[in-house]
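A.B. asks: The residues making up each chain are set out below.
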Amino acid sequence: MKSRSALLFLAATALAAAAGPPQVLRVGNYGEPQDLDPQVVTGVPEHRILMSLFEGLVTEDPHDLHPIPGLAESWDISPDGLTYTFHLRANLTWSNGDPITAGDFLDSYKRMLTPSFAAEYAYLLYNFVQGAAEYYQGKLTDFSKVGFKAPDTRTLVVTLKSPTPYLLKIIACHYAWDAVPTRVIAKFGSLDQKETRWTRPGNIVSSGPFMLKAWTQNQKIVVERNPYYWDAAGVKLDGIEFYPTEDQPTEERMFRAGELDTTYELPRAKVAVYREKDPTELRIDPWLGIYYYRFNVTRPPVNDKRVRKALALAIDRDSLLRNVTRGGEQPAYAVSYPGDAGYAPTAQLQGGVAEAQRLLAEAGFPGGKGFPRTEVLYNTHEMHRQIAEAIQAMWRKNLGIEVGLVNQEWKVYLDTQHDTHDFQIERAGWIADYPDPNVFLEIWETKNGNNDTLWGNAEYDRLLHAALAAKDDTARYAIYQKMDAILVDECPVMPIFYYTSVYLVSNRVRGWWPTLLDDHPWKYVYLEN
Amino acid sequence: MLRYIGRRLLESIPVMFIIITGTFFMQRFVPGGPFTAEKAVTPEVERNLEAYYHLNDPLWKQYADYLWDLTPKRFHPLALAGGFDLKEAFGIDFRPSFKYPNRTVNEIIAEKLPVSLELGMLSLGVALAVGLPLGILAAVKRNSWIDYVCSSVAMTGICVPTFVLGPLLVLGFAIHLGWFNASGWYGPIDRVLPSVTLGSVYAAYIARLARGGFLEVLGQDYIRTARAKGAGETRVIFRHAMRGGLLPVVSFLGPAVAGILTGSFVIETIFQIPGLGREFVNSAFNRDYTLILGTVILYAGFIIALNLVVDVVQVWMNPKLKFE
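Those protein sequence lines, which keep their order, are chains A and B. Its first residue numbered 1, the first sequence is counted upward by one per residue in the numbering used here. Its first residue numbered 1, the second sequence is counted upward by one per residue in the numbering used here.
Everything labelled a hint here was simulated from the structure, so no lab data went into it. The reader is advised that the hints may include incorrect statements.
Chain A is faced by these chain B residues, among others (derived, beta-carbon under 8 Å) [as the list claims (entries may be wrong)]: (1) 32; (2) 36; (3) 42; (4) 44; (5) 96; (6) 99; (7) 110; (8) 111; (9) 167; (10) 270; (11) 287.
Below 25 Å or equal to it, Euclidean Cα-Cα: the simulated DSS-like pairs (lysine-lysine) are [as the list claims (entries may be wrong)]: (12) 161(A) - 39(B); (13) 39(B) - 110(A); (14) 194(A) - 87(B); (15) 87(B) - 187(A); (16) 447(A) - 61(B); (17) 194(A) - 320(B); (18) 39(B) - 194(A); (19) 482(A) - 305(A).
Ideal Cβ placement from N, Cα and C applies to all residues, glycine included.
Can you make the complete structure from the sequences, with help from the hints?
C.D. replies: Next up, the structure:
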């Protein structure tokens with residue numbers, strides 16, 4: 001097995017050498033990552049780097065992100081949808097030559113669910129896997145009773161609590177299900193300690209297309225090709241350099257100076273310039289997220305659904321997107337994202353300003369008279385302020401009401417949103433972790449931790465659970481249509497627009513396709529001069 | 001003088017204690033915590049996180065535990081040689097950061113402080129090298145066109161913010177002329193634009209203060225005596241007027257150095273420099289309790305030390321002042 005890896009190593013190096021000067025992609029990656037341990041981190045910049053170092057059981061197709069074989073070459077799902085059997089590829093190795101076995105996955109999940117380790121994304125395991133929640137809470141101490149089994153070194157069996165039609169998408173798109181090299185981690189400290197040095201260059205061991213070469217904090221992170229990766233011959237880049245470019249204008253200057261091949265974002269003020277002068281390097285891709293205003297349905301006047309609907313209908317989304325956000329966004333008239341894994345909501349907010357005025361009058365505020373003091377809360381940010389001011393003006397013009405604007409610093413605003421709920425209307429956004437319509441619908445369940453509208457509907461909850469038991473996606477999507485209809489009718493949130501990713505990609509980059517999660521699997525990317 | 005310095009150092013201990021206590025409690029009373037995020041933390045995760053970081057202990061106990069961690073417990077100063085690890089050397093444990101769990105606050109400071117110090121000292125150098133000659137020239141050639149030009153340059157430097165000057169310099173010298181990188185802190189050439197940007201503001205202040213100081217001194221009797229005795233203009237400026245003329249600059253330098261070190265946040269963001277200024281500010285936004293305390297303690301220490309140095313230097317320079 002070792003000689004086979006050596007052969008692959010030689011083949012990969014030979015291929016790389018034959019290709020000419022080293023292909024190193026320089027990526028603007030927003031912020032310095034918290035860490036490179038898939039079981040500790042929570043952010044998107046971390047995700048981008050981890051995509052290069054680790055691979056999951058299944059991974060993402062580079063065109064439409066559907067799950068394709070990763071470290072597992074195939075899998076079987078039982079007819080009741082509760083048992084997943086993954087078959088790992090033969091001869092998988094970590095980048096130190098150790099074999100990757102099903103036992104490694106078991107040990108990794110045990111670490112992720114260990115209460116004293118306090119992993120933040122553990123819920124992506126314990127929401128679905130039998131016994132995992134009890135283990136995470138310390139109620140169950142025998143890990144062998146949790147729904148993970150490794151009957152042999154190449155087979156992993158996962159037993160779920162209830163059918164989860166989107167489980168493979170989570171495994172493909174999120175690092176929470178990646179295996180970590182627990183034997184290596186154990187050399188640097190206790191497995192339930194977050195502050196060990198196992199992720200430092202020279203210590204860390206990876207399973208994905210690249211390995212960590214260097215990490216200078218707040219300067220750059222360098223990864224180089226991993227010859228032990230099962231598909232090393234298919235990896236085109238020799239290395240990637242990740243730059244923590246937190247400041248948008250600085251990142252754009254770096255791109256212009258030729259120091260970056262791709263950026264994380266682009267200042268909106270520059271979109272018009274690039275459209276005119278450098279359109280091939282400008283990317284405006286649909287992004288699986290929604291920008292909306294959330295209502296606290298226990299506070300007057302937004303406790304009346306007619307008022308909520310009136311507010312939702314009385315704004316001109318097209319004008320807002322054309323003149324204020326200017327990022328090619330699409331207006332949203334429903335909470336669900338049209339085109340998300342083949343689902344498009346048919347129920348939409350309909351009516352326009354006339355209908356809004358009628359509803360407001362019906363609620364007892366004809367022409368806006370007597371409308372009580374109302375405020376919109378947003379987190380301090382130039383773009384949110386501009387959008388709020390535009391909406392404030394539209395409501396004044398179309399409904400005759402005067403709404404105040406309040407902004408709070410990010411974490412203070414989050415505290416208000418999650419804990420105190422001291423708001424009537426607040427700006428919010430939701431970005432999907434995986435491409436499935438469930439992502440936008442599950443949060444409106446009564447008392448869901450991310451609901452925060454204090455709205456609940458028994459029928460909605462019933463439908464949500466029925467959808468998970470649906471026999472196929474067609475049946476499931478039919479149920480989602482009913483749920484979207486309830487959301488449009490009750491209007492606990494006011495959808496405004498669907499996000500886009502606006503960023504720059506150098507003309508030399510190939511193998512980079514627009515995807516809804518803005519994920520671009522690194523093994524397919526290469527540079528051409 | 002030694003007694004004075006010793007007394008000032010002793011006085012600074014209660015000051016530090018108050019700063020640490022004040023910061024520790026104030027940061028807990030601010031809404032939001034290290035794990036507050038857009039995707040709400042589930043109650044189970046929250047419980048485990050609080051247990052991990054002992055955030056569910058009573059607040060006075062967390063405070064006492066933190067103070068104990070900060071207290072020096074041993075004395076191996078030689079251990080400082082490899083990476084400035086205060087825990088190894090003196091048993092002072094600043095604990096891991098909340099935001100960067102696999103790095104200790106000690107490590108973050110040890111890695112980033114030298115960068116900020118380098119940036120600060122280079123900027124100060126630029127500020128003095130540009131500001132002093134401008135100010136002295138303006139004072140000596142008072143009310144001539146030279147004075148007006150120098151004073152205008154100084155005024156522009158004070159008025160143009162660093163986040164305007166920085167990008168302009170990058171646009172001109174890095175993107176169009178290609179003489180420098182647009183950002184980064186890799187080689188000596190990357191030091192130029194950031195130091196010039198940060199230094200320019202302080203150069204402007206130093207120029208105006210030097211001008212004012214020199215004008216006042218040049219009108220004094222002893223200067224007239226020196227001139228009457230036949231001293232040349234250069235000798236008058238450098239030998240006789242310098243000490244007095246620089247007094248206002250020296251008093252300004254204390255807070256200025258502190259300002260350069262902490263205010264480098266903007267420069268570090270514009271030029272992508274891995275310095276401590278950004279951590280100082282971002283730690284508050286991130287509610288990174290341990291890093292906030294670590295950086296606050298560090299900067300408080302600097303300011304206390306710098307004020308002491310400035311006071312000592314002032315007494316040395318101005319014979320009219322004495323240590324009390």
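A.B. asks: What are the numbers of the hints the structure violates, in ascending order?
C.D. replies: Of the numbered hints, 7, 16, 17 do not hold.
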